[in-house]
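**Q** Sequence:
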Amino acid sequence: MADRQPSPTPVPTTSSPSPKSRGLRTLKRTVRKVTTRDGWLGDYHYAWLCTPTLPFSFSNTKTRPPPFYPLDAELPILLAMVCGFQHSLAMLAGLITPPIILSSALSLDGQLLSYLISASLIGCGILSSVQMSRIKLWGRFRLGTGLISVVGTSFATLSTAFSIFNTLYANGTCPTSISASGVVTRLPCPDAYGMLLGTSLICAFIEIFLSFLPVKTLRNIFPPIVTGTVIVLIGGSLIGSSGIVNWGGGSSCMASVSTAAQTVACTGRKHLTWGSPKYIGLGFLSFSTILLAEIFGSPFLKNASIVLGLVVGCIVAGAAGYIDGGSIRTSPAITFLWVHTFKIRVHPPSILPMLAVYISLAMEAIGDITAAAEVSRVEVEGPDFDSRIQGGVLSDGLGGFFSALFTVPPLSIFAQNNGVIAITRCANRGAGRWCCGFLVLFGILGKLSGVFLAIPNPVLGGVTTFLFASVAVSGCVSSGALSFGLGDILVPGIFQHLFDKVRAGKSAGLLGFFDSITIVLSTPFLAAGVVAVILNLVLPSDESTDNDKEGVVEREPSPRDVENDVAAYAEK
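Under the UniProt record's numbering, the first residue of the sequence shown carries the number 1, and numbering increases by one thereafter.
If you are wondering where the hints come from, they were derived from the structure by calculation, not from laboratory data.
Do not rely on the hints blindly, as some may be mistaken.
Claimed, not checked - Straight-line Cα separation of at most 25 Å, DMTMM-like style, residue types lysine to aspartate or glutamate; simulated pairs:
id, residue 1, residue 2
1, 136, 379
2, 343, 515
3, 501, 515
4, 136, 191
5, 278, 72
6, 136, 324
7, 136, 38
8, 28, 72
9, 28, 38
10, 447, 109
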């Protein structure tokens with residue numbers, strides 16, 4: 001009889017856990033997270049996040065940076081909330097500014113103004129969550145980047161919108177009135193906003209189409225020299241049409257500056273001429289607050305410097321009587337999308353300009369996604385990266401389509417949040433989802449929109465001039481200098497009235513000194529040069545650091561470092 005062969009050892013079989021067991025594990029993990037100190041706090045260096053920077057004194061002090069949190073790591077609850085709130089603050093000023101500017105250009109009433117701010121915040125929160133999800137469609141195609149890619153109204157849309165509005169007012173589609181002194185006033189024209197939405201809605205399909213082209217093809221067609229030129233001119237046009245005009249008191253105030261009697265209350269209850277030194281000083285307070293936050297602020301405040309500039313300016317403006325609280329009183333406590341609607345129609349002459357805007361948005365999206373991938377420490381080349389680019393541009397195009405249905409101008413990927421990721425060292429999507437939640441909450445709270453509407457024009461102008469200069473160029477020194485230089489070129493009279501009320505009875509020498517200051521401030525290259533020299537001497541240096549070398553750094557990276565890195569990766 002043949003020897004009996006030993007029976008083979010049974011191979012253990014693996015089966016996927018049942019939905020019930022998965023649910024139990026998830027529940028246990030959630031309970032453990034919300035009931036333990038480690039689940040709430042983790043080992044993040046919170047003191048570092050809130051410690052102010054003291055320049056020139058501790059440049060060689062070594063500090064241990066907090067740990068880096070990748071995309072899908074387990075994130076402490078408090079850290080997710082703090083970093084999400086940080087992201088929402090970093091983008092808040094950029095989200096509320098376009099609706100305010102567009103509404104002011106169309107002279108819309110307070111209720112519509114408040115609604116548009118709320119709709120922008122809610123739409124941004126919803127569409128940002130789609131960008132972060134990276135939903136699988138078919139094959140290699142995705143929807144979204146899977147990174148903390150938040151969206152907001154691109155400033156590129158504003159210049160095109162102004163052209164549309166100017167045309168509609170010029171041809172009589174939108175009504176105007178002429179005063180006895182010859183001042184032309186634009187009356188409310190919500191139909192023009194509906195035309196902007198309708199044109200944006202149909203033009204969004206060009207970006208959807210571009211998302212299915214190879215990334216290399218897109219870069220060959222639209223190299224950085226092309227998109228960079230467009231972005232510089234967009235930033236310059238916005239400074240001249242909105243930023244520096246608001247800094248002087250606002251467009252309505254500017255229109256009445258030549259009249260014999262000042263009848264327009266440009267800001268709050270104050271009846272001052274456009275370019276009044278009080279307006280210039282109020283705007284400069286907000287402007288300089290941003291720079292001071294760059295010099296002395298903690299990592300948290302540096303990422304929220306724009307909001308800090310608005311807050312400081314509003315506190316001083318409120319104490320001085322420049323704020324009218326009517327918008328806060330009339331705003332609803334709770335609101336949501338579609339409380340107000342617009343007649344969505346297409347404006348044929350604006351189709352080509354809007355198509356160009358969407359092409360520019362696609363190129364911006366590629367650069368921003370590249371930078372986001374780099375600071376999130378994921379690969380920036382290969383099939384997976386190309387999939388993120390494709391998904392991001394596709395989501396950007398669909399976002400333009402749905403944002404019009406949300407009664408919001410095109411929403412595209414924001415770049416400034418990449419700086420938040422780099423500085424906080426948190427690239428986790430959990431923080432991104434908290435950011436989306438905060439944005440939706442801000443939008444639902446209608447009174448908050450009323451607060452934003454109460455911001456005086458000079459305060460808004462001082463902040464937005466800096467923002468628009470940042471669109472044109474990266475870097476705090478360049479942005480600060482260009483704010484003055486481009487402002488002088490585009491609105492030459494901004495500083496002409498600076499010393500009007502203090503000239504009477506002064507000596508010839510003192511008058512000559514006043515004239516010298518006015519000439520310097522009114523000469524673009526002199527104003528920009530002086531500001532650039534001062535900021536170059538005052539702001540912290542850009543020495544490169546390595547956060548991961550032996551776990552210590554000599555100096556934490558500033559937002560200016562991050563902006564330069566982002567710009568470099570965007571050009572690749």
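**Q** Now look at each hint and say whether the structure bears it out.
**A** Evaluation of the provided hints:
1. 136 to 379: holds (19 Å)
2. 343 to 515: Roughly 51 Å separates the two Cα atoms, so the pair is violated.
3. 501 to 515: Holds - the C-alpha atoms of residue 515 and residue 501 are around 13 Å apart, at most 25 Å.
4. 136 to 191: violated (38 Å)
5. 278 to 72: Judged against 25 Å, a Cα distance of about 50 Å means the pair is violated.
6. 136 to 324: Violated - the C-alpha atoms of residue 324 and residue 136 are around 49 Å apart, more than 25 Å.
7. 136 to 38: violated (33 Å)
8. 28 to 72: Since the Cα atoms of residue 28 and residue 72 sit roughly 19 Å apart, the hinted pair holds (cutoff 25 Å).
9. 28 to 38: Within the cut-off at roughly 15 Å; holds.
10. 447 to 109: Distance ~16 Å between residue 447 and residue 109 Cα, so the pair holds.
The structure does not agree with the numbered hints 2, 4, 5, 6 and 7 stated previously, though it agrees with the rest.
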